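One line per chain: the protein sequences are A and B, in this order. Every position in the first sequence, counted from 1, becomes a number in the working numbering once 281 is added. Every position in the second sequence, counted from 1, becomes a number in the working numbering once 315 is added.
Don't take each hint at face value.
Chain B regions said to be covered by chain A (calculated; three or more residues, Cβ under 8 angstroms) [said to hold, decoys possible]:
#: 1; segment: 383-392
#: 2; segment: 528-542
From the structure, some residues in chain A lie toward chain B, with a derived Cβ separation under 8 angstroms [what the hints assert, rightly or not]:
#: 3; residue: E499
#: 4; residue: G502
#: 5; residue: L520
Honestly, the hints are just simulated from the structure, not real lab data. Keep in mind the model is a prediction, meaning the values are calculated, not measured. Beta carbons: idealized from backbone N, C-alpha and C, even for Gly.
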Amino acid sequence: MPTRRRRRWRSAVLGPSERFLPVGEPPLPVVEGRVVDAGPDLLVLWAPAGSGVGHREYRVPMSDETSVWYGGRAGREALQPGRDAVVRPTGDGLAADRIWVDIVRVNGTILSVAQKRERQGLRHLVEVDQGPHRPHVRVAIPPESLGKILVRHPLMLPGQLFDVIARQTWEGPVAVQPGSAQPAPLAAPPPGPEKGVLRGTATWYSTPGRGAAYPRLEALGDSGGCPDAPDPCAQLPYLSLGSAVEVRNDCTGRGADLDVIECGCNAALFCDRCVVCGTTPRGRLVELTRASFVELGGDLDVGCFNVSLAVNR
Amino acid sequence: MTLVVLETQLLVVIFMFALAILGKMHAAKDGFKILALLVECVLCVLLLFSAHLLVRLATAMLLVSATWVLDEMRALRPGQGCGCFGVLSNVPVTRMTVLRTGLLGVAAAVAVPVQDTGLQVLADLPGWRSLLFVVEVGLIAALSPEISTVVRRRRVPCERRAVPLRETFTALHASEPWRRYGLSRKAAPAEVWREACWRFLVYPLADGSEVVFAVSLADGGVRAATTDEVLAAPVDEQAVLQPSNAILTRH
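If we strip away everything but chain A, and leave its shape as in the complex, we get (with noise of 0.2 angstroms):
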């Protein structure tokens, strides 16, 4: 990953990078890894270091409001060991706030949609093209989830865009509720920035880590862009991996500058809105991994947030 050479090569030809977006809230201090046990005020987790060197062990104070997230509003029994748990704390930092238990975000292109008769309906298996840099992913829809996806998703079709956000399972991921709508025509352009700002939609993506998924890499040279990812619909300056984003969540005013990691195809392709705190002009500015996402405030079972994004330059 280039991020830093690339960045001390930036500085030392065009010096200090100028700033968009006033220092928000800082982002909090989120542990995602897997449980290795959980009692009732204490949830102890295994996940690399801080110092990005291996991995340890991580306690994490538990109390009455903590949620707990798994395929929906769960109990502490959701907490087993083995499983991937995300965990953001309260804002004071000295207990979990919120606990996501195998949370996984199905989007992309739908290839085929099949139908198995169950006992207790009929259940669709939606095979998902993530775009070149995720894998082709089979989700399945159960009964219980169908009508709510069914609301935003009408066109189950091949060709069309599916977004959903999952529970995984021994099995592959299990689909719980739609993760947007699916974009209706554009109209017009959304507005381009202001005072080099833009504001539109943040969502995430299945990734361990921090960083951004951004949807217009230049295809050119070694910027790492995909050759065949549409326009965004979102007015987004050309960039590379290394590049560096501000991003400040608009509804919790949380902010943090956040490195390039991969091409957000995927994100290009939905020319959709969030409508977390005020309705967003449409198109997908970035896609954050988990961790970022929930250090910003986002819920992940929620899906997005309103973003302010700005590039340095």
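Please build the complex by placing chain B on the supplied structure of chain A, with the hints as guidance.
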């Protein structure tokens, strides 16, 4: 007169193939795009130099099949461009795009019985043929979303404008910083990347160090720094931010 109309269709098809080849040559390529480029090149050359029935039939069949594929694409992949004319065709496929390809298919089918090669027809271009040619190309241009893309692109700010690498190399090789380091024009950069209105190029120097050039995509200005200056440069704040999992630790 009928013959003039038929022969003009042949010229229109050749002209559109030539434009498509030019567009694709200036775009990023993958296996399928290279194959499409090769097929179009071969057909374009054969249409110019041969009057064989098979060449004409293959051309018509290709364009008719392309019409069907585009129509399917419009319905199933609504946000995607066809790439017919390279980066200009990144705009979503519309009914107009399908209609345009369909009309070209009809033109290619109509041109099947023409006895002369494309080159012979081209030699007879002046007169009615040229007028008809201009009208038909104008009609196709009116149906093309790529034209509005070109017009819009002229107004696009540098940070969102697609700029070919060739333009960057031309600006770099003509600059004073490039001459200062005495590099050969044939030297290949070790790394090339872009951030908004700047493209960065890293070149190894004879003494083992490296030089990085920043070429402005707005005005073609060039700046340079060597490894020594790079090491002395301050690291931006985000590089020293604590990674996730660093704080909430209670033993």
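Minimum beta-carbon distance criterion (8 angstroms), L520 (chain A) to chain B: Interface hint status for L520 (chain A): holds (6 angstroms vs cutoff 8 angstroms).
Restraint check, 8 angstroms cut-off on beta carbons, for G502 (chain A) near chain B: holds, 3 angstroms
Agreement of hint E499 (chain A) with chain B interface, Cβ distance less than 8 angstroms: With Cβ-Cβ at 4 angstroms, under 8 angstroms, it holds.
Chain A over the segment 383-392 of chain B, status - at least 3 residues with CB closer than 8 angstroms: Holds: 3 residues of the segment 383-392 of chain B have a Cβ under 8 angstroms from chain A.
Verdict on chain A covering the segment 528-542 of chain B, where coverage means 3 or more residues with a C-beta closer than 8 angstroms: As far as the segment 528-542 of chain B goes, the hint holds, because 5 residues have Cβ atoms under 8 angstroms from chain A.
Checked against the numbered hints above, the structure breaks none of them.
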